[in-house]
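Chains A and B, in that order, are what the protein sequence lines are. Take the first sequence: its position 69, counting from 1, is numbered 160 in our numbering, and each next residue is one higher. Take the second sequence: its position 14, counting from 1, is numbered 86 in our numbering, and each next residue is one higher.
None of these hints come from the bench; they were simulated from the model. From the three backbone atoms N, C-alpha and C, an ideal C-beta is built for every residue, glycine too. Careful, some of the hints might be misleading.
Calculated cross-link-like contacts (lysine to aspartate or glutamate; reagent style DMTMM-like; alpha-carbon spacing at most 20 Å) [as the list claims (entries may be wrong)]:
{"#": "1", "chain 1": "A", "residue 1": "Lys187", "chain 2": "B", "residue 2": "Glu279"}
{"#": "2", "chain 1": "B", "residue 1": "Lys211", "chain 2": "B", "residue 2": "Glu279"}
{"#": "3", "chain 1": "A", "residue 1": "Lys183", "chain 2": "B", "residue 2": "Glu279"}
Some chain B residues flagged as far from chain A (calculated, every beta-carbon gap over 10 Å) [unchecked claim]:
{"#": "4", "residue": "Arg82"}
{"#": "5", "residue": "Asp192"}
{"#": "6", "residue": "Gly217"}
{"#": "7", "residue": "Asp221"}
{"#": "8", "residue": "Arg245"}
{"#": "9", "residue": "Val247"}
{"#": "10", "residue": "Lys284"}
{"#": "11", "residue": "Asp292"}
{"#": "12", "residue": "Gln320"}
{"#": "13", "residue": "Ser322"}
{"#": "14", "residue": "Glu327"}
{"#": "15", "residue": "His334"}
{"#": "16", "residue": "Ile345"}
Just some of the chain A residues that point at chain B, by a computed CB distance under 8 Å [what the hints assert, rightly or not]:
{"#": "17", "residue": "Tyr139"}
{"#": "18", "residue": "Ile352"}
{"#": "19", "residue": "Ala353"}
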Amino acid sequence: MSLVSFTKVRGASPNSTRQAILDSLDLIQFQFARNIRNVVIKANMCYYWGYSTGLTTDPKFVATLVDVIRDQVSPDVNISIVESDASAMKCKYAFKILGYEKMARHCKVALVNLSKDESERVEVVVGGQPFRFMLPRTIQNADLRVNVPKIKYMDYTKITCALKNIFGCNPYPKKFIYHRKLDEAIVALNKLMKFHLCIVDGIIASGAQPRRLGLVMASRDPVAIDAAAAKIAGVNARSIRHITLASREGIGNASFIPKGIAPEYFKKRYPRKRVTDKVMNLAYKLVQTVGLETRLGL
Amino acid sequence: MEGVATKKVRLGLIGLGYMGKIHLRHCLNLGSVKLVAVSDVSKKALDFAKKMGAKNTFTDYHQILKDSSIDAVIIALPNHLHTSCAEAVAEAGKDILVEKPLARNVKEGKEIVSIAKRNDVKLMVGYDMRFSPSFRSLKEKIQNGVLGDIQIAYGTNIGAGPFFHRAELSIPRPVPNWWFKKELTGGGAIMDLGCHIINLFRWYFGEVTSIKSYLGYRYDLEIEDHATCIAKFVSGSIGVINVGWFSQESQKKVELLGTVKHAIACRAPENRIFAGIRLLTTKSTQYESSYLRELHYFVHCIKHDLAPTPSGNDALKDLETISLAYKNGVSLK
């Protein structure tokens, strides 16, 4: 079983975020190696929806994490924040609109659009099925890869967190082509790109509506942290296909040992989906299935 | 022979973006309209229009203009294409309903107005708030004097702007590149959303005598994404106009503070379930019904040879006001 820590940011200052990050790392006994030269941080940027929606990693959280890494490794370590273009989101605008450009200038870190990065073609097999992806050079060359996801509800996969965030490291912009085999594609990318540390920015949680939850979670194991995220969001982790599949493929362990604050504290406060949201999603799926979208002019 | 009342007005639609698709749905479902042809550079958009029921589709809008049976054209293109398209439509002798803002700037606005006049075609600008019953009722209240003199008016028009509105549907839409370029839009939130309130307030209170603006840049773009304008009108009223692209929840709201009484009119998107049911039954949501009224009115003006309002000149005055707001703008970067 893998360790997953749960800490709470008390107050709005960067110092309280810093303390929560440090505590969460201590609880899982994580120590940064001194010889690290290149660090990649994969934040979760969701369309052009800012951090206040709970759907995008807060650039202030990433800035604090950058400070922690520089303090603990070296002030000269190269840090790159990475994201890739998606069907509806372009990094050149998302970096600016979501506040990452400003943060990168201030913290002197690089912003890398993986869709424009040099990459090489690689093949990976999941459940006997081969997947081909382009592996970006920036990810390949990093000594330390840090995954900084958000916890979100998603129709296709029930919840998303650390494992799904790596889906955003796939440089191919038209990501919807993978949606038919989304669970397998998520697991394949995690098999291909191993991240050493996951730190969840749960300060503002999404869900039915955004709520200030103040949660910071950390783990070395993306499967364990996803199982913990599912628990907080009130979803049975065993019912989430990409979690069980990732566990079977040896990416991590779906069982976890909680450290720090009890997960139930955050579970009670997590903004669950309302019945109307569930009905609306079902209705929209029905509209899509029967082809009413076009008739309605959506 | 068909009488004026039964004759269908034959329309062409140029542009199938967000607004174009609303017009498409309404054109196809309004009894007094025959949608003859649609045009867009995107083949995907044209396929969509065909599935919706459009018969003739073109990637080049000049093909629409060659059809002499078409009476009028709706222009729902990006701001930078309004002038060239409106000129071509006017020279083809067809009446025009152009989406707001009329143009990117006063110079282009004047060109459009002048060419429409020279070719003797009707020119109407799509300010849907003018056709919303709640905002129209405020105009009546002002005219009837029931509110007294309006000393201060607050106008709010906020939403997600070019960015997809999370509450509307589940799938985000790509934002066309032109939205991010000042030379193509002519301005930011004041141009996009402020023009509605400026037009409405000018309708309520008369011309603007002075205006100042405070421009905000939450998204760090070259155009303002939110702003507050303070305007003085010939009636003596002061208008405070708040606009922005920062909100997941859109709202159009006007509050009038009069010497006798106060009044509020508001329009926000309806519940998604009700919106879906209304779409199925009436082909329009409550939120979009003012666009339907606007189209109905435009068609009525064509049938009865009336000069439609808001006119090109009216929208040109809005552009002059917006230009002044930018000139007197304080950047809050």
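Hint by hint, here is what the structure shows:
A distance of roughly 38 Å separates the Cα atoms of Lys187 (chain A) and Glu279 (chain B); the hinted pair therefore is violated under the 20 Å criterion. Of the pairs offered as hints, the one joining Lys211 (chain B) and Glu279 (chain B) holds, with about 15 Å between alpha carbons and a cut-off of 20 Å not exceeded. Using a Cα cut-off of 20 Å, the hinted pair Lys183 (chain A) and Glu279 (chain B) is violated, with the two alpha carbons roughly 41 Å apart. No beta-carbon of chain A comes within 10 Å of the beta-carbon of Arg82 (chain B); the shortest separation is about 21 Å.
In this structure Asp192 (chain B) is separated from chain A by more than 10 Å, as the shortest Cβ-Cβ distance comes to about 34 Å. Non-interface call for Gly217 (chain B) relative to chain A: holds, since the shortest CB-CB distance, roughly 42 Å, exceeds 10 Å. Every CB of chain A is more than 10 Å from the CB of Asp221 (chain B) (nearest about 40 Å), matching its label as outside the interface. For Arg245 (chain B), the non-interface assignment is contradicted: its Cβ lies about 6 Å from the closest Cβ of chain A, within the 10 Å cut-off.
Under the 10 Å C-beta cut-off, the non-interface status given to Val247 (chain B) relative to chain A is violated; the minimum distance is some 7 Å. The Cβ of Lys284 (chain B) lies farther than 10 Å from every Cβ of chain A, with a closest approach of about 27 Å, so its non-interface assignment holds. Residue-level check failed: Asp292 (chain B) sits 5 Å from the nearest beta carbon of chain A, not beyond 10 Å. The Cβ of Gln320 (chain B) does not lie farther than 10 Å from every Cβ of chain A; its closest approach is about 6 Å, which violates its non-interface assignment.
With 10 Å as the threshold on Cβ separation, the claim that Ser322 (chain B) sits away from chain A holds: the shortest Cβ distance comes to roughly 14 Å. At roughly 26 Å, the least C-beta separation between Glu327 (chain B) and chain A is larger than 10 Å, which holds for a residue marked as non-interface. At roughly 31 Å from the closest C-beta of chain A, the C-beta of His334 (chain B) stays outside 10 Å, upholding its exclusion from the interface. The claim that Ile345 (chain B) is not at the interface with chain A is violated, since a C-beta of that chain comes within 10 Å of its own (minimum 6 Å).
For Tyr139 (chain A), the suggested interface contact is upheld, since its CB lies about 4 Å from the closest CB of chain B, less than 8 Å. For Ile352 (chain A), the shortest C-beta to C-beta distance to chain B is roughly 30 Å, which exceeds 8 Å, and the interface hint is violated. Checking Ala353 (chain A) against chain B by beta carbon gives a least distance of about 32 Å; that is not within 8 Å, so the hint is violated.
Consistency with the previously given hints fails for numbers 1, 3, 8, 9, 11, 12, 16, 18, 19, ordered from lowest to highest.
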